[in-house]
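Colleague: Protein chains in written order, with my numbering: chain A, 144 to 425; chain B, 144 to 425; chain C, 144 to 425; chain D, 144 to 425.
There's no promise every hint is true.
Where chains are identical, the list cannot tell them apart; a pair therefore holds if satisfied intra-copy or between any two copies.
To be verified - Restricting the straight-line Cα-Cα distance to at most 25 Å, the calculated cross-link-like pairs of lysine to aspartate or glutamate (DMTMM-like) are:
#1 Lys393 - Asp312
#2 Lys393 - Glu323
#3 Lys317 - Glu402
#4 Lys393 - Asp403
#5 Lys393 - Asp204
#6 Lys317 - Glu189
#7 Lys317 - Asp403
#8 Lys317 - Glu386
#9 Lys317 - Asp342
#10 Lys393 - Asp342
#11 Lys393 - Glu383
#12 Lys317 - Asp204
#13 Lys393 - Glu345
FYI, nobody ran anything at the bench for these hints, they're computed from the structure.
Quick caveat: nothing in here was measured; it's all calculated off a predicted structure.
Number of protein chains: 4
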Amino acid sequence: MAEKPVCSQPRSAAEWRSEKPLSRARAGDLALLMGPDRRWQIVRLEPGQSVHTHRGVLAHDDLIGRPWGSQVASHTGQPFLLLTPSLHDLILRLRRTTQIVYPKEAGYILLKMNIGPGSRVVEAGSGSGALTAVLAHAVRPDGRVYSYEVRPEMQQLARRNLERLGLADVVEFKIRDIAEGFDEVNVDALFLDLPNPWDYLEQAHAALVNGGYLGSLLPTANQVTRLLEALESPRWGLVEVEEILLRPYKAVSARFRPEDRMVAHTGFLIFARALLIEESTG
Amino acid sequence: MAEKPVCSQPRSAAEWRSEKPLSRARAGDLALLMGPDRRWQIVRLEPGQSVHTHRGVLAHDDLIGRPWGSQVASHTGQPFLLLTPSLHDLILRLRRTTQIVYPKEAGYILLKMNIGPGSRVVEAGSGSGALTAVLAHAVRPDGRVYSYEVRPEMQQLARRNLERLGLADVVEFKIRDIAEGFDEVNVDALFLDLPNPWDYLEQAHAALVNGGYLGSLLPTANQVTRLLEALESPRWGLVEVEEILLRPYKAVSARFRPEDRMVAHTGFLIFARALLIEESTG
Amino acid sequence: MAEKPVCSQPRSAAEWRSEKPLSRARAGDLALLMGPDRRWQIVRLEPGQSVHTHRGVLAHDDLIGRPWGSQVASHTGQPFLLLTPSLHDLILRLRRTTQIVYPKEAGYILLKMNIGPGSRVVEAGSGSGALTAVLAHAVRPDGRVYSYEVRPEMQQLARRNLERLGLADVVEFKIRDIAEGFDEVNVDALFLDLPNPWDYLEQAHAALVNGGYLGSLLPTANQVTRLLEALESPRWGLVEVEEILLRPYKAVSARFRPEDRMVAHTGFLIFARALLIEESTG
Amino acid sequence: MAEKPVCSQPRSAAEWRSEKPLSRARAGDLALLMGPDRRWQIVRLEPGQSVHTHRGVLAHDDLIGRPWGSQVASHTGQPFLLLTPSLHDLILRLRRTTQIVYPKEAGYILLKMNIGPGSRVVEAGSGSGALTAVLAHAVRPDGRVYSYEVRPEMQQLARRNLERLGLADVVEFKIRDIAEGFDEVNVDALFLDLPNPWDYLEQAHAALVNGGYLGSLLPTANQVTRLLEALESPRWGLVEVEEILLRPYKAVSARFRPEDRMVAHTGFLIFARALLIEESTG
Numbered sequence: 144m145a146e147k148p149v150c151s152q153p154r155s156a157a158e159w160r161s162e163k164p165l166s167r168a169r170a171g172d173l174a175l176l177m178g179p180d181r182r183w184q185i186v187r188l189e190p191g192q193s194v195h196t197h198r199g200v201l202a203h204d205d206l207i208g209r210p211w212g213s214q215v216a217s218h219t220g221q222p223f224l225l226l227t228p229s230l231h232d233l234i235l236r237l238r239r240t241t242q243i244v245y246p247k248e249a250g251y252i253l254l255k256m257n258i259g260p261g262s263r264v265v266e267a268g269s270g271s272g273a274l275t276a277v278l279a280h281a282v283r284p285d286g287r288v289y290s291y292e293v294r295p296e297m298q299q300l301a302r303r304n305l306e307r308l309g310l311a312d313v314v315e316f317k318i319r320d321i322a323e324g325f326d327e328v329n330v331d332a333l334f335l336d337l338p339n340p341w342d343y344l345e346q347a348h349a350a351l352v353n354g355g356y357l358g359s360l361l362p363t364a365n366q367v368t369r370l371l372e373a374l375e376s377p378r379w380g381l382v383e384v385e386e387i388l389l390r391p392y393k394a395v396s397a398r399f400r401p402e403d404r405m406v407a408h409t410g411f412l413i414f415a416r417a418l419l420i421e422e423s424t425g
Numbered sequence: 144m145a146e147k148p149v150c151s152q153p154r155s156a157a158e159w160r161s162e163k164p165l166s167r168a169r170a171g172d173l174a175l176l177m178g179p180d181r182r183w184q185i186v187r188l189e190p191g192q193s194v195h196t197h198r199g200v201l202a203h204d205d206l207i208g209r210p211w212g213s214q215v216a217s218h219t220g221q222p223f224l225l226l227t228p229s230l231h232d233l234i235l236r237l238r239r240t241t242q243i244v245y246p247k248e249a250g251y252i253l254l255k256m257n258i259g260p261g262s263r264v265v266e267a268g269s270g271s272g273a274l275t276a277v278l279a280h281a282v283r284p285d286g287r288v289y290s291y292e293v294r295p296e297m298q299q300l301a302r303r304n305l306e307r308l309g310l311a312d313v314v315e316f317k318i319r320d321i322a323e324g325f326d327e328v329n330v331d332a333l334f335l336d337l338p339n340p341w342d343y344l345e346q347a348h349a350a351l352v353n354g355g356y357l358g359s360l361l362p363t364a365n366q367v368t369r370l371l372e373a374l375e376s377p378r379w380g381l382v383e384v385e386e387i388l389l390r391p392y393k394a395v396s397a398r399f400r401p402e403d404r405m406v407a408h409t410g411f412l413i414f415a416r417a418l419l420i421e422e423s424t425g
Numbered sequence: 144m145a146e147k148p149v150c151s152q153p154r155s156a157a158e159w160r161s162e163k164p165l166s167r168a169r170a171g172d173l174a175l176l177m178g179p180d181r182r183w184q185i186v187r188l189e190p191g192q193s194v195h196t197h198r199g200v201l202a203h204d205d206l207i208g209r210p211w212g213s214q215v216a217s218h219t220g221q222p223f224l225l226l227t228p229s230l231h232d233l234i235l236r237l238r239r240t241t242q243i244v245y246p247k248e249a250g251y252i253l254l255k256m257n258i259g260p261g262s263r264v265v266e267a268g269s270g271s272g273a274l275t276a277v278l279a280h281a282v283r284p285d286g287r288v289y290s291y292e293v294r295p296e297m298q299q300l301a302r303r304n305l306e307r308l309g310l311a312d313v314v315e316f317k318i319r320d321i322a323e324g325f326d327e328v329n330v331d332a333l334f335l336d337l338p339n340p341w342d343y344l345e346q347a348h349a350a351l352v353n354g355g356y357l358g359s360l361l362p363t364a365n366q367v368t369r370l371l372e373a374l375e376s377p378r379w380g381l382v383e384v385e386e387i388l389l390r391p392y393k394a395v396s397a398r399f400r401p402e403d404r405m406v407a408h409t410g411f412l413i414f415a416r417a418l419l420i421e422e423s424t425g
Numbered sequence: 144m145a146e147k148p149v150c151s152q153p154r155s156a157a158e159w160r161s162e163k164p165l166s167r168a169r170a171g172d173l174a175l176l177m178g179p180d181r182r183w184q185i186v187r188l189e190p191g192q193s194v195h196t197h198r199g200v201l202a203h204d205d206l207i208g209r210p211w212g213s214q215v216a217s218h219t220g221q222p223f224l225l226l227t228p229s230l231h232d233l234i235l236r237l238r239r240t241t242q243i244v245y246p247k248e249a250g251y252i253l254l255k256m257n258i259g260p261g262s263r264v265v266e267a268g269s270g271s272g273a274l275t276a277v278l279a280h281a282v283r284p285d286g287r288v289y290s291y292e293v294r295p296e297m298q299q300l301a302r303r304n305l306e307r308l309g310l311a312d313v314v315e316f317k318i319r320d321i322a323e324g325f326d327e328v329n330v331d332a333l334f335l336d337l338p339n340p341w342d343y344l345e346q347a348h349a350a351l352v353n354g355g356y357l358g359s360l361l362p363t364a365n366q367v368t369r370l371l372e373a374l375e376s377p378r379w380g381l382v383e384v385e386e387i388l389l390r391p392y393k394a395v396s397a398r399f400r401p402e403d404r405m406v407a408h409t410g411f412l413i414f415a416r417a418l419l420i421e422e423s424t425g
């Protein structure tokens, strides 16, 4: 450790540069710009373009080549932070025409349904592609996401969103009324993100590997009770319903407190496992 | 679609077998066994062994070779479900001597800190290895987790837990007082899971790529205000504090309701981004 | 203000006594005793009796005559605090054979249903008398609580609990199947604390003053949707459903944090107002 | 019961009138008017006046004399409900220049601090009078509320609010810097609704009866830890910190679900009991 001195002073970019190459914004990158009012937006950097904000204009050419994590002034002198966006940030700013699965639920779904690198996952419907993006990000590089949607224009949006995020290569989009069933068999996990999942449990069971994971997200208690009724069958087990609440706080050391208002409900998460029926296990 | 008939009847194992090979429990696999009282345990299947439960004994030899998702009777005739455990289940049943990072937080950490296949992540301390496991699972196969711990016996436990889960190959365990700094530079994300993260911000900043993600999980408001104070510096930005609450429900269609009691607090999540200081960005 | 010096030192009982008479425990009083482990119990002080706790025995004769708010030692030398119990404390320790309405809901019900001194309130059923006690306490001295119950032995318990609390004088207990209707008309508020309130809305409407307050508390979402369906009528308006969550914290200045576990659900509160039907208001 | 038939049809005002006198809006009453969009307002009925809403105009003269709970049409034909406002409604619509204590906390405070008919309660400061109103309503007719405030114009607002609610008769308003102490002794309960309650604990202790109830409401964790530190003294006991969360639901039988957004934080409630110090209890 002797050769690596502990930093005891704020490092300037110069010092940083001396010991390691700085990571820089390049043309084509997605960039998150956060202004002094904590408002932020995500843009794709393209030579010759400019970003218009409530606090002034920034030229892309001033951003391209600049190190990530540095501060840039708008034409009115307002300071902006230049950062890579996280998957979390990208999902919150996805172009959308539907309610999306939020990061607070999406991250939990991954762990609960055991989705990771190499998993084969079916999703219906594609919606705006928010969950599709989280699934695609998680199963790379060897896994596969099969995303079904009955409305072509909706899937077109999801597809464009995934392409924009550079995640489309592990996704197969299919236009289909899933009442007709899924093409895949033996998938590890299957997520029904549509208003009437109880109508497609046969099809879901047929696509899942024995013991595989079923998930769904529903906004109303009426929908949950209806799905639970359909899951009260020997073909499904370990049925669980959970809700994830995200409570944001004011991140100020001298006045630390929960925020005044919060998102109080997105939906109920329902999970189950596909079982082999009883007479068959002898 | 003509050649794939839609399932309209519960499929027996026989039918399932006819169209796709059943996935079966093998010696060496980790298996989750859930009894009729919804109590469950995780065992590694080994020929000649047996599992003792409150509802009777099951011989591993009766489980090995059986399809996942099927039902097995204990010697007293009680029905058990045989299932693969998810990462979620495995973490909840990890051997531990410390408080662990729970799945509800771990899944959110992944999205918020942009951790996925290929990420390089530092963690301190290793603890019992719960977060290490989630990180390792997410960054495979090409990413890397560097897990620092000052107490050798603790890291020994984390290492054994990761080996048991088959995730140790992407983790480098290091015994180190991180006051001395981290060996890595330009890591994508760094998580401080220890009681005094404010003491190691210099070291964390030195290890992170410019713009990289810092995370921490702290149980008390006092710790949070102290960390926030240390983060109120031009070297850190986008500081956020959040709390994740998981509300479980009774999954019964005719009596759907929140559970009577819940885990009300595990910790506050703190996130920040590593910045280049102002004078350096010109 | 000159004649009333500001206390700047802790006041001893002697000082306190010099300026104002101390309030003291008397035979017949209900007393709350809190031990060093924060466990507490409520006893009625009777000469010659003694209290047995996990931390030793206290003689009632040692407590009678002692000032409230003082410390008493058990026979093993453990310190106990001697305090008057609040209505909140008394309700939590009520003898009960049923689920009770908790203080977190009861206090809110009072404000939401405009119940205060002088109110005339109907309640069905009596249950163990927890809500009865809160209502009786609030409407004194000139108001009235009419408490209906179909099970005589249950009402006997409620009656004894109210007598023990000295609140029985403003309550009229009635054994009745409320399908037969209530005796009262023009009551200000009516609370249905039973599993099937939708069966008694006619009777409730007949007992309430025009514009009066209906309330109910139900544990399951299924019950709520069924009651809402019955309330979707021109005879009821301003229908609201709310849930009250009480989050307890560790009250330690150096380690302030939410408690690990909490009561996550007691019930959903439903409120409505009794309306005159449309054609009648001309 | 034979003479009181069970209502089986919606009662018209005519039928209602036949068995009991209808309660009617009179000049001088406060009236709540709820329009078809569930927006509501509270007005005092005065002959010759009119109410202007987003859905048309209502003449007070059309409301005066009309039964409560009936429907009235605005000049554009939009239906409005005419109802008596509850204390809950009145508080939410109080004229205010400060953050107020909300009903969800106020109702709980009453039970926790044992405040009811006959109680003598001190409050500082008066603020906009929201808590003052709840206290005054609860202690009538024989109790007393002593409300201290250092800013005359603020107390003027509180006083006017209490007068408007008809609750001023049980309240004594005092302009005072409470650092000088309170005039009262042996009060049952004392509530510190100001940003630095730790500065006034001596004065509060001097005003309370031995064993009396102290309460406070603070927005930030920093304030709570500071108050807890001051309460960690032999003069105070049974210290508790709690938070009340009110979760509203969509009251629609076919789509029952939590509302999308909620008030996530108003403040932390702190309670304690005034003790006699140790050497004094002999």
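Colleague: It remains to establish, for every hint, whether it holds in the given structure.
Modeller: Okay, the hints, checked on the actual structure:
Proximity of lysine 393 and aspartate 312 under a CA criterion of 25 Å is satisfied in neither setting, with 39 Å inside one chain copy and 39 Å between copies. Proximity of lysine 393 to glutamate 323 under the C-alpha cut-off of 25 Å is found in neither arrangement, the shortest distances being 49 Å within a copy and 32 Å between copies. With identical chains, the CA atoms of lysine 317 and glutamate 402 are never at most 25 Å apart, being 41 Å at best within one copy and 34 Å at best between copies. In this assembly of identical chains, lysine 393 and aspartate 403 lie within 25 Å of each other by CA distance both inside one copy and across copies; the values are 9 Å within and 20 Å between.
Proximity of lysine 393 to aspartate 204 under the C-alpha cut-off of 25 Å is found in neither arrangement, the shortest distances being 34 Å within a copy and 49 Å between copies. For the homomeric pair lysine 317 and glutamate 189, neither the shortest alpha-carbon distance inside one copy (32 Å) nor that between copies (42 Å) is at most 25 Å. For the identical chains of this complex, lysine 317 and aspartate 403 are neighbours neither inside a copy (42 Å) nor across copies (31 Å), given an alpha-carbon limit of 25 Å. For the homomeric pair lysine 317 and glutamate 386, neither the shortest alpha-carbon distance inside one copy (30 Å) nor that between copies (37 Å) is at most 25 Å.
For a Cα distance limit of 25 Å, the shortest separation of lysine 317 from aspartate 342 inside one copy, 19 Å, qualifies, whereas the shortest one across copies, 49 Å, does not. In the homo-oligomer, the alpha carbons of lysine 393 and aspartate 342 lie at most 25 Å apart only across protomers (22 Å), although the nearest pairing inside one protomer, at 43 Å, exceeds that limit. In this assembly of identical chains, lysine 393 and glutamate 383 lie within 25 Å of each other by CA distance solely across copies; the values are 8 Å between and 33 Å within a copy. Within a single copy, lysine 317 and aspartate 204 get their C-alpha atoms no closer than 39 Å, and across copies no closer than 42 Å, so neither meets the 25 Å cut-off.
Taking the shortest alpha-carbon separations for lysine 393 and glutamate 345, only the inter-copy value of 24 Å comes in at or below 25 Å, while the best intra-copy value is 46 Å.
Against the hints set out earlier in the document, violations occur for numbers 1, 2, 3, 5, 6, 7, 8, 12.
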